[in-house]
Amino acid sequence: MSEPPVNRPIILGNNRKKRYESLVDRFYQDVFRYAYWLTRNPSVAEDLVQETFLRAWRSFDSLQSDDAAKAWLFTILRRENARMYERYRPELVDIDDVSIQEDDRNEPDQRQKMTELHNAIMQLESEYRDPLLLQVVGGFSGKEIAEILDLNNNTVMTRLFRARSKLRDILDPGAARDETGDEAHEELC
Amino acid sequence: MDDLEFHTRAHSNPFDEDSDFLGALSGREDRRRLLDELKQLDHSIRLVTQHIEVPNRLRQKLAAPDNRSWLGRRAFAYAASLVLVAGFVFSTMQYRPSASELALHDAMLEHVYAEAPRYEQITVPISWLEVETVLADAGVSLHQPEGEETLIITFAKVCGLGGTLRGAHLVTMGKNGPVSVILVRSTPIGRSLDVKDPRFQGRIVPSNDGNMAVIGEQAEELQRLEQIISSNVEWSI
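Residue numbers (the numbering used here), protein chains in the order written: chain A, 1 to 189; chain B, 190 to 426.
Hints are all accurate, no fakes.
Calculated lysine to aspartate or glutamate pairs in the EDC-like style (CA-CA distance at most 16 Å, straight line):
1) A:K18 to A:D61
2) B:K346 to A:E46
3) A:K166 to B:E226
4) A:K113 to B:E226
5) A:K18 to A:D66
6) B:K250 to A:E46
7) B:K250 to A:D47
8) A:K70 to A:E144
9) A:K143 to B:D205
10) B:K250 to A:D25
11) B:K250 to A:E21
12) A:K17 to A:D61
Source of the hints: derived by calculation from the structure; they are not laboratory data.
Excised from the complex, chain A in its bound form (with noise of 0.2 Å):
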């Protein structure tokens, strides 16, 4: 299992080298994280991750605040898998080869529901997969999710509604159906 992230503020100063050591330390599993989740892939995520933190490095003078460091690396990530990886993504890996770690401490029904959630957030379409990864996994509010993906705030809503939506219907079919929301916010859209 990998090292837990380093939570202490970026250094402030002009001292670039060690501001940017600790935006790594800080930010990087979760960099490598949502990358794999926006390749579905590893491999291509790690070499996504390297372009995007050299990328950071290169233009680290233009980030001016601290509070907007993780969206900004956010934002170079899709940009740089738009650039360079959407065009010949692989094919959806098989769920035996994904690198999840294992914890002996999961009972095997825990573990297959996760294996089951895993699944479902890889059928979720990337129009509502990604934002529900912003906000869950990256802790963005729908404001800063609507900057990193150029959408406008109420779309970001929507998205997220359907995601969690359609998340519950292929985990357990019909369960989402059954409550007014779905079908009633379609007539809002």
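Model the placement of chain B on the given structure of chain A, informed by the hints.
Only chain B this time, still in chain A's reference frame:
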């Protein structure tokens, strides 16, 4: 708050803490159950994500400026370039490269230093389709020779050179290690430039509407590869 609004907001953000949203839970066990389920779903997504294994050596690969990283290599490349400049000035009186030619040389050498740690680890050939895609992105095409001259490419990426130029960086295997081929659609330089560097050797060669560089380790035989590339490259209009 009616059910439609509650469902919409709960699915959009189960952790909504606005007072009107939280107030809508009051006396509504069905809404509370739905919200708990959605929060549990988010928790499970985070759990699944945390179990995606981050490659062990990734952090090291992202290291910035030290002896082996970008700044170090950059400084090394600049130092090598200075040596090269001095060499041209003091010992090559017939031809003095222009500032733009030297800048192209520096950018290519710097890029090779930057990418070497990545392509050195790759030995599996990639598809020609992938190579063509990268080449097309850089405004160049390369005809795959047949027979003994067939190119085995293990690495192909579009690269930024010197912050302004865009080129295709291919890597093939030579007798003594990986050999970089960089194709940049830009104003051709006046004449071929030798790459003089403690580690790498090679040439930057003007080729119709662009420039081509073949750069390998010191002991590498590069002339044949240079001829093969030169005979098969075409620049997009």
